[in-house]
Structure formats: C-alpha cells, structure tokens
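Participant: Can you make the complete structure from the sequences, with help from the hints?
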Amino acid sequence: MKHEIIKKKIDKVLEKYPAAVFKNRKEHVLVNDCSIPEPQTITANTRTIPGIITNRGCCYAGCKGVVLGPLRDAVIITHGPIGCGYYTWGTRRNKGKKKSDEKNFLNYCFSTDLQEGDIVFGGEKKLRQAVTEAVQIFQPKTIFICSTCPVGLIGDDINAVAAWAQNEYGIKVISFSCEGYKGVSQSGGHHIANNGLIRHIIGTGDAAVGKYAINILGEYNIGGDGWELERILKKIGYEIVSMMTGNGTVEELSNAHKAALNVVQCHRSINYIGEMMKTKYGQDWIKVNFIGVKSTIKSLRDIARYFDDPDLTARTEAVIAEELEDITPQLEHFRKICSGKTAALFVGGSRAHHYQHLLRDLGVETILAGYEFAHRDDYEGREVIPSIKEDGDSKNIESIEVQPDPENFRLVLSRERYEKLKDEIPLNYYGGMIKEMPDGSIVVDDLNHYETEEFLKILKPDIFCSGIKDKYIAHKAGIFSKQLHSYDYSGPYAGFKGAVVFARDIAMGLTTPSWKLAVPPWKTQPVLEGRVATC
Amino acid sequence: MLDYTPKEYIQRSALTINPAKTCQPVGAMYAALGIHKCLPHSHGSQGCCAYHRKFLTRNFRDPVMASTSSFTEGAAVFGGGSNLKTAIKNVFSIYNPDIIAIHTTCLSETIGDDIPTYIMSSQIPEGKLVIHANTPSYQGSHVTGFSNMVRSMVKYLSVNSKTPNGKVNVIPGFVNPGDMREIKRLMKAMGAAFTMFPDTSNVLDAPMTGKFDMYPKGGTKVQDIIDAGNSLATLALGSFASSDGAFELDKKCKVPARVLKTPIGINATDEFLMAVSKLTGMAVPEDLEEERGQLVDIMVDCHYHYHGKKVAIFGDPDLCIALTDFAISLGMTPKYVLTGTPGESFENEIRDMFNAAGIDGKVKALGDLFTLHQWMKEEPVDLLMGGTHGKYIARAEDVPFVRIGFPILDRSVHSYLPIVGYKGAMRIIEMMSNALLDRQDRDAADEDLELIM
Numbered sequence: 001m002k003h004e005i006i007k008k009k010i011d012k013v014l015e016k017y018p019a020a021v022f023k024n025r026k027e028h029v030l031v032n033d034c035s036i037p038e039p040q041t042i043t044a045n046t047r048t049i050p051g052i053i054t055n056r057g058c059c060y061a062g063c064k065g066v067v068l069g070p071l072r073d074a075v076i077i078t079h080g081p082i083g084c085g086y087y088t089w090g091t092r093r094n095k096g097k098k099k100s101d102e103k104n105f106l107n108y109c110f111s112t113d114l115q116e117g118d119i120v121f122g123g124e125k126k127l128r129q130a131v132t133e134a135v136q137i138f139q140p141k142t143i144f145i146c147s148t149c150p151v152g153l154i155g156d157d158i159n160a161v162a163a164w165a166q167n168e169y170g171i172k173v174i175s176f177s178c179e180g181y182k183g184v185s186q187s188g189g190h191h192i193a194n195n196g197l198i199r200h201i202i203g204t205g206d207a208a209v210g211k212y213a214i215n216i217l218g219e220y221n222i223g224g225d226g227w228e229l230e231r232i233l234k235k236i237g238y239e240i241v242s243m244m245t246g247n248g249t250v251e252e253l254s255n256a257h258k259a260a261l262n263v264v265q266c267h268r269s270i271n272y273i274g275e276m277m278k279t280k281y282g283q284d285w286i287k288v289n290f291i292g293v294k295s296t297i298k299s300l301r302d303i304a305r306y307f308d309d310p311d312l313t314a315r316t317e318a319v320i321a322e323e324l325e326d327i328t329p330q331l332e333h334f335r336k337i338c339s340g341k342t343a344a345l346f347v348g349g350s351r352a353h354h355y356q357h358l359l360r361d362l363g364v365e366t367i368l369a370g371y372e373f374a375h376r377d378d379y380e381g382r383e384v385i386p387s388i389k390e391d392g393d394s395k396n397i398e399s400i401e402v403q404p405d406p407e408n409f410r411l412v413l414s415r416e417r418y419e420k421l422k423d424e425i426p427l428n429y430y431g432g433m434i435k436e437m438p439d440g441s442i443v444v445d446d447l448n449h450y451e452t453e454e455f456l457k458i459l460k461p462d463i464f465c466s467g468i469k470d471k472y473i474a475h476k477a478g479i480f481s482k483q484l485h486s487y488d489y490s491g492p493y494a495g496f497k498g499a500v501v502f503a504r505d506i507a508m509g510l511t512t513p514s515w516k517l518a519v520p521p522w523k524t525q526p527v528l529e530g531r532v533a534t535c
Numbered sequence: 001m002l003d004y005t006p007k008e009y010i011q012r013s014a015l016t017i018n019p020a021k022t023c024q025p026v027g028a029m030y031a032a033l034g035i036h037k038c039l040p041h042s043h044g045s046q047g048c049c050a051y052h053r054k055f056l057t058r059n060f061r062d063p064v065m066a067s068t069s070s071f072t073e074g075a076a077v078f079g080g081g082s083n084l085k086t087a088i089k090n091v092f093s094i095y096n097p098d099i100i101a102i103h104t105t106c107l108s109e110t111i112g113d114d115i116p117t118y119i120m121s122s123q124i125p126e127g128k129l130v131i132h133a134n135t136p137s138y139q140g141s142h143v144t145g146f147s148n149m150v151r152s153m154v155k156y157l158s159v160n161s162k163t164p165n166g167k168v169n170v171i172p173g174f175v176n177p178g179d180m181r182e183i184k185r186l187m188k189a190m191g192a193a194f195t196m197f198p199d200t201s202n203v204l205d206a207p208m209t210g211k212f213d214m215y216p217k218g219g220t221k222v223q224d225i226i227d228a229g230n231s232l233a234t235l236a237l238g239s240f241a242s243s244d245g246a247f248e249l250d251k252k253c254k255v256p257a258r259v260l261k262t263p264i265g266i267n268a269t270d271e272f273l274m275a276v277s278k279l280t281g282m283a284v285p286e287d288l289e290e291e292r293g294q295l296v297d298i299m300v301d302c303h304y305h306y307h308g309k310k311v312a313i314f315g316d317p318d319l320c321i322a323l324t325d326f327a328i329s330l331g332m333t334p335k336y337v338l339t340g341t342p343g344e345s346f347e348n349e350i351r352d353m354f355n356a357a358g359i360d361g362k363v364k365a366l367g368d369l370f371t372l373h374q375w376m377k378e379e380p381v382d383l384l385m386g387g388t389h390g391k392y393i394a395r396a397e398d399v400p401f402v403r404i405g406f407p408i409l410d411r412s413v414h415s416y417l418p419i420v421g422y423k424g425a426m427r428i429i430e431m432m433s434n435a436l437l438d439r440q441d442r443d444a445a446d447e448d449l450e451l452i453m
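Quick note, the sequences are listed as chains A and B, same order.
If you count the first sequence from 1, position 465 lands on 465 in the working numbering, and the numbers rise without skipping.
If you count the second sequence from 1, position 394 lands on 394 in the working numbering, and the numbers rise without skipping.
If a hint is listed, it holds; no wrong ones were tucked in.
For lysine-lysine, the following BS3-like pairs were computed, each having C-alpha atoms within a straight-line distance of at most 30 Å:
#1 A:K95 <-> B:K377
#2 A:K16 <-> B:K85
#3 B:K217 <-> A:K12
#4 B:K155 <-> B:K251
#5 B:K217 <-> A:K16
#6 A:K103 <-> B:K7
#7 B:K211 <-> A:K457
#8 A:K457 <-> A:K23
#9 B:K128 <-> A:K23
#10 A:K16 <-> B:K211
Worth flagging that the hints you see were computed from the coordinates, not collected in a lab.
Facilitator: Below you can see the structure in the form of structure tokens.
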C-alpha cells in the first residue's frame, strides 16, 4: 500500500512529460519494494534525452577530470580549445602532496588552446610543439594527452603524436581519445582512462613490496578522504602501493601489480581496472565503503579476513576500538542534532550508495537516491552484468581484453579459501545500491532538474545531497543542500575522523540560524499600530 | 606552489599554461540568463553545459538553469538537427520558458550544424521564441561569447517600428549582477528612460524566499529588447563585450552607438554619466555629484595607502582597461596588464595609457597566467588583481591579492556588490588599501605596528 501511494505520486510527476520522455523516464525510476522476492530492475547508462536539464557531464570529464586529473606527477595536456582544460583546473578538489624529489603539477593547467586555423588545418603540429614546450619547461617523466570534441572530428592522430614524443624525448607519453561526445556520460571516460592506465602504466614498475600490500582503487582524495584511509590502513599495518588515483602518481601506479589485494572504493569509475588486474595479475579486488563508521569497520574487517592473519586481525580490532573511542563522543553530539531527519541523495556513481551508510550512522534515513552516470550493476549488483544488453553507445567505448601476465600473475588465495571467502566478503563483487536501501525509498537514475524540483516538493527531505548545479535550487526552496562531489570545500568525510567532519557539517547546515530568517518579520507581525482619534 | 615556473622567459607558441580566459559558450550562457524567462540552451555534448552551469554557479552561488542537446557519437556524425528539434520541443513542454537562447559549442560548430534551419523546422509554440548565437570556442574567449549572444538578441529581436521611445539602451558588458543593479541605479538617478540588456540582476542574485523559481523576476523583458530598436541611442559599456551588440543595433535599427569604458573608476564613471547627460539632456543630479565628491575625498585622504604601488592586473579586457585607467588615476603603477582574450586593440589601448602616464609596463592579449607569473618573477609588484586563479601566483610570490572580475570561486558576496560607479570605485579602493595595509601589518615588527594608518 505504502509503495502504491509513493508510486502514484511519482507517476503524477512523470505524467507531465511529453509521451516519449515519459516512456523513457519511467524506466529510470523505481520504488524499492523489499517484499518482492525477485530482483528489481532499473534502466541506466542510456542516453539523456535532448533538452532535459541533466546533471551529467561528458567523456572528457570522466577521463581527464576524474580518473587522470588527480595524478600529480603527470603533465596532462588537454588538446582542444581552452574551455575543457580550464574547467578541470583545480575544480575537483583532488588533493595531492608531493614527496621530496617528485614533481606535483596539480596547480597547473595545460592546453593547446586550439584556434580556428588549427581546426581547419589540423592541430597535430600544435600538439607536437606543445609537448615539446612542456618537456623543455617542466621535464616531466610522464605526459598525458587528452582530446576534446573537435579533435576527434578533425581527425588529429594523437596516438601518433604520443608515439613520436615518447621516442623523441624518452619519457612516457600516453594519449587518451576521450572526446566529449563519446558514450552517454562521464562513465565512458572512466573506462577509457582505465584502459590507458592498464595498457601503459600498471605493471611497468618493479618495486619490492611487503606482505600486506594493497592498492586503493577509486579513491580520488577529494577533501583529503584518501589521506584518512591511508592513515587508518597504515596504522593497522598495510602498505599502500598505490592509490588510484587520488594523490597518486604514475610512479606508484606502475607498481600496482605487486600488491596482494585491490580495495575498491568507487566501483563505477574503476571496476575495469579491478577486473583487468584480476585477469592479468591474479589480484582479487574487494568492494569496500569507507564512508560511514559502521561501513568503515566492516571494510577493515573484510580486508583483514582476506589476509587471514591473526596479528593483522588483532591489530584491526585494536585500531577500530581506538578510533571509536576517539570519535564517539563527538559523533554522538552531532547525531542528536541529525537524528530523525531524512535525506535525498543524487551523486555520481557510488557516493549515493556510500553516504547512505554514514547518514544512517547519524540517524538520517535516505528516502531517495540516484546515480548520475551509473550502470545497472551499480544499482542491482554485478550479477546483472551478463544480462545487460550492449547498445551502440557503449560499443563505442573500447573494452580491452587482457591476458594473464606470465611473469607477474599470482594467486593469493587457494581455490578452497577463495570459494569459502567469496560467500563471506564482497570478493570481486559489488552488490549494488538497491539491496541496501530502505523499503519504500525511491531510486532514480540520471535525475534531472524537473524531477529534482518536483521530488523535493513531494518528499520534503531535510537534506539534499547533490552537486553544485542543484545546490542553490534546494537552498532557494529552503532545503539544506550538501555537495557530495566537492563537500562544499570541507572534508575529509571518509573513515573515522571524516565521519565526525561530515556530521559536524550536516549539523551545521541544519541548524544555521539563517533558515529561520527567510520570512521578514513584517509578514508575520502587525506593523501598523492603530491610534484612537481624539476630537 | 607553482614551483616549476622559471624566471627565465621561454618562447612558447603552442602550449597555454594556466589560462586567463575560458570558452565562448559560458559567456553566451551568462548573457542569455539576462533575458527574462529565458532558458539558455547548449547545442553540443552535455559536458559543455555541465561545465558552464557549474562554473557560473560557483561564481554566483545561485541556480544557473540551462539545457543541452546531449550529443552522442551518432549526433556528431550525422549532425545535431534531430537532437536540437527534440530539445526545443522538450524544453518548451517541460520547462516552459518564454524564449530559448541557443549557443553552439566546438562540436556543433566543427560539424557545421546550421542552427537557423533547424530552428525553422522546429515546433515552437505560439508566442514563444528561439534565438541563437554561434559561439565556437576556438575563436575569442568567454567575453566573445557574451558579445555574440548580445548581438544575437539584437539580430533576432530588436525592431525599429518607427515609434521612437526616447530611451537610452545600455549594454552593461560582462559584469556582475551587482554591477548591473548599480548601472540601473545610476541611470535612474540621472532620470533617464532606459533599457538595459542583458540584465542578470535578480536572476543570479535573486533573494531567498523559501520558494525556488526557475525564472526569477529579473532579466530584460523580450518586449524591451524588441523595443530597443526604437531607442535614441545605445551606450555600449566595454568595447569587447558590448560594442558588437550596439553596432548591430545601429546597423539594423539605425540606433546610434557609443562605446564607452566599463564605468569602473572615476574617469570612466564620469564619462558614462556625461554621455547619459548629453543624450538625455538631463543634468547630473546632486546626489551623484555628492557620491563623486566622496570618492575624491577618499582618494585624496588615503592616497598614501596605494600611491606609487606597482600593480599587476589580469582578467577580461574591458575590466583590465578600466581598472588600469583607475589605477593610474590613483597614482599607482599598473606594471603588468594581461588578458587571455585575444585583441590587438587591447594592447594598443593599454599601451596608450602607459605612454600618457609615462609608465614602463608590459601588456599582453591572448596571454596566460604563466606569462604573468614569469613577469612578476622578473620584477615583482606590490599588488596582484584579478580572478581567483591568481591565488596560486599570489601565494607563490607572497604578494597581496585583490579578487576582482570573473571568475571568483573562493570568496562570496562579490557578485552582489558593485565595482562600477563611484560607489564601486570606493569599494575597489577599500579592497586594495586593505590588502596593502594588511600586508604592511603582517610584515611589521612589533615596534612598527601602527594603530592608526
């Protein structure tokens, strides 16, 4: 009954669409019904309808902006007109701190700034010259070239330029054909970046690593999240071989194949690397969630179970106890403020799921959640992958096949142990968001402006967690909005200490006195005082 | 911070490092938001639209609504006609604007999409309008995009219906809503009948009321842009952002155009008010004369806070031109002036100012912040002025920094308060003086820390 009422409300919103839009959008929305035994399906990773005010970005944004951008020791040259490079200059808050003898190019933005003549006569010459100048001025060990829409159209051969430069200057030069029009969202760009990193970087190093060596995949160190993860994991005794790609370096990534385990935070943007490394190097990956106290604890225990070492397990429990003791009083204080509130989440490809856990820790129930550029497996779990039909748009994104690397392939777990463990921890598996959502909650894929506005009106959440484009829409309507892409320039929000920062920020946003001032006093109090006329 | 920027000048012909401009469509989107009940539409990949909306939102901290044609590879190959027609249909039925202002992107420009033909074959509801501007990013900058969209407003909308309205048209240029409000206040104080377009005040600085309104109260009414063809003259504030629109009006509707500096600083504001006065026959009112007097009073009283200081200025050309003029009038030395927007006239105009004031300065159009930084390493300045991206240089060189222009992403309230007019000039002086005096205080030994400055 409850579901029917919500469904009716949603239908009323969607019915206002023109017929073709209605037909499309209704497949992207569902009301979670936990009483249904069979899995619920949702449509995702399909084209956004033209004219719809979407939050989605492009292939370039996913490749350069998200996955490659955080690597601090690479000079990333955007090959194209100026805007694309400019908008990805320092805007994602992927923090990076150099170690003594490295170079950190994160404060720099490099572009070929193509002009009309280059579009007409081709931009390859300019790109070659740009690479030459970058080498002369910065002497980087690695240069990435990322292409933009017009570059693909005019047919500049960026691969040839990269090959030429690599030969000419004896450094790594890698090209990424991530033109904005490819695919249906940022997601295609993640895949292209993953392919390039696997092909050209991962596996090229030969550093020696220790016993508990791991990679952290899909952690971009927004607001210092990666550093908090690193702090906790190192405290337990893990060695972080590489972080992909927050505060990461090409140097570190080259040794990633040496690690014993891949720990995957953002499934959507990096699962390709996880899978390819499994095939190529035998490394297992495990899905973790370091957003939320309980989920951080679970993730730490899952990793410890993988290694199955009594000392490591004991150390894990000791660290958990220590950290909990440290944060519990503060967290409890903020929990009292937040508890009982409701939230709607619309973020990227994992955070809409991850943050439900942290909000739950604070007593906040998620009533709506959606991803901007996810695929069905992010909603329904990886078991649906074989049944996802490939369409023309996804075929345009290259899917590379890798083979086991005879020198570096090794299995950490025995066959028996693997079989046992995969039932206990999310080993090479992500179960998706829907299964962990409350009954009656709404799931919306590629939420757009109209739906945002209408759903906010119907659901009246206390908190709307989205990005900058939506933030002030919610604020104007009197709903506190928290950016979960950039954290409103705060953070970290991950791990134990991050949970407290998040709780503090949410409590602050809910209780800031300004919300009460929207209505001026003269609207509610009489201002004209009557006077009795005297004769 | 910016550790690898060398002092030694290195000739570059291909690599732009730390740009001082962005692309055309974001300027076109901003201009289009200055039309009442207009939805800007980005014809290209959805990434462009997402970036532009993000960028404007970060600058103004207000909702920026715009739709996109959401190209995929198919559209890039076969043309974006079908996407645009679908988009127009959907936008009117879902978002119901009065007018859609389409701007192109690198993608749709490179494949040569013929927008007017697509518009003509689209379903446009009765009474609704669709206009467009070509905004390829491989030409000009965001300022060019702003200018192109303003010109398109005239091209598509303005009509000389032989019914003179006695109004003065004002094209305010790529300035903040707070500046647009101030320009309107000055026009009202002058008693002038006027139409200002575009006008983003009350769109991008709209009040919090507890209710989201997709089309806030602000923006120039379409009817007024149409009627701009009947005005007695157009004042284009800022040659880079506004003159094309004004000349288009002259060409199309025979409304004479006059190009002025953006009214930043005392001289440019004087010129602006004098021009309004000449056009309308109205004398500059006492109130404004009083404001001017206050400004001069401040300039005289506080000259020692900034006189003789060397300043580096970067940003959009119209801002840089006016600000350089103002700095000179304050007795400062604008040592370096740089814009990312191309334009020889920019360099010439600044050079003329240098020559007139006897300043040995450097100027560059189509420059980048790497060049500016190298200049500052070669010979340091006392103050840096420009958009947020200057903070990296300010930190690297430990130089006081005043945020002014577009974009400002790391400070708030700037978009509400004017830098134009006499009041705006006071604000600029306050910002500059404070930055310089804060630095003096920071660096002072205990015995030198002054209570009164």
